[in-house]
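If you read the sequences in order, they're chains F and U.
When we follow UniProt numbering, the leftmost residue of the first sequence carries the number 1, and every step to the right adds one.
When we follow UniProt numbering, the leftmost residue of the second sequence carries the number 1, and every step to the right adds one.
In case anyone wonders, no lab produced these hints; they're calculated from the structure.
Here a beta-carbon is modelled for each residue, glycine too, at the ideal position from N, C-alpha and C.
Certain hints may be false.
Partner residues aside, some chain F positions facing chain U, computed with beta carbon under 10 Å [as the list claims (entries may be wrong)]:
1. 8
2. 18
3. 44
4. 57
5. 60
6. 64
7. 87
8. 99
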Amino acid sequence: LPNAVITRIIKEALPDGVNISKEARSAISRAASVFVLYATSCANNFAMKGKRKTLNAGDVLSAMEEMEFQRFVAPLKESLEVYRREQKGKKEARKDKDKKADSEEQDKSREEDNDDDDERMEEEEQNDEEEVDN
Amino acid sequence: AEMAAARLSGTENRLVSLPLSRIRVIMKSSPEVSSINQDALFLTAKATELFVQYLATYSYKHGRGKEKNALTYTDLSHTAEECETFQFLADILPKKILASKYLKMLEKEKRDGEVREDDDEAEEEEDEDK
């Protein structure tokens with residue numbers, strides 16, 4: 001993981017003027033990689049339970065809870081909303097470009113994919129809400 | 001079109017700073033994982049950022065580095081050992097020990113071994129094999 005990015009994230013999290021030793025920074029970078037592996041493996045377990053081969057957003061969120069990082073779940077959901085909106089915007093921009101290039105068939109299949117995603121999204125959100133209420 | 005391009009190239013107010021491509025590489029190194037949905041990739045990257053922030057602030061708050069206005073390796077290693085949530089990091093953040101202390105420890109073990117010959121003979125032989 002890029003050192004500059006890791007350092008920036010750490011600096012933004014800590015109070016101004018705090019020094020971070022090179023050792024500490026590289027240790028955090030290693031820890032971050034281990035975190036990704038751990039989270040991926042955990043999320044994959046949820047996917048397998050659901051008999052799916054593709055890791056999805058719900059799996060990652062479930063993994064966070066399993067790993068005792070529930071505090072991440074709410075902010076992650078918020079960011080996901082923004083991300084999905086951004087992606088939709090980008091897709092629409094691309095669609096416009098494609099229409100000009102005369103590939104209507106592609107657009108149709110992409111639209112279908114979006115619908116499927118939307119359906120799944122709704123289901124997942126409902127499931128998540130139920131868990132939170134409990 | 002110009003505005004969109006500017007937004008994509010700008011580094012301010014990005015939703016996530018860690019590169020998704022790099023995160024994907026790490027995720028894919030797990031043998032059981034076949035494919036990763038784009039949303040899942042994004043969430044993992046974002047979660048990793050939150051994790052870095054959490055690890056840094058927790059270690060700083062609970063560590064002694066604070067006395068010198070710094071975050072040190074020892075702070076992190078302490079966190080891995082003491083806090084259950086971060087225990088999965090214990091192996092990669094081992095406690096450091098001064099070389100001199102380590103040598104003293106070895107000497108002490110040797111001396112103890114000489115006093116209790118019967119018990120420790122087998123152990124010492126194993127150590128030598130290592």
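Against the structure, the hints:
no., hint, verdict
1, 8, "holds, 7 Å"
2, 18, "holds, 6 Å"
3, 44, "holds, 5 Å"
4, 57, "holds, 4 Å"
5, 60, "holds, 4 Å"
6, 64, "holds, 6 Å"
7, 87, "holds, 7 Å"
8, 99, "violated, 15 Å"
Figure legend: structure checked against the earlier numbered hints; the only hint not met is number 8.
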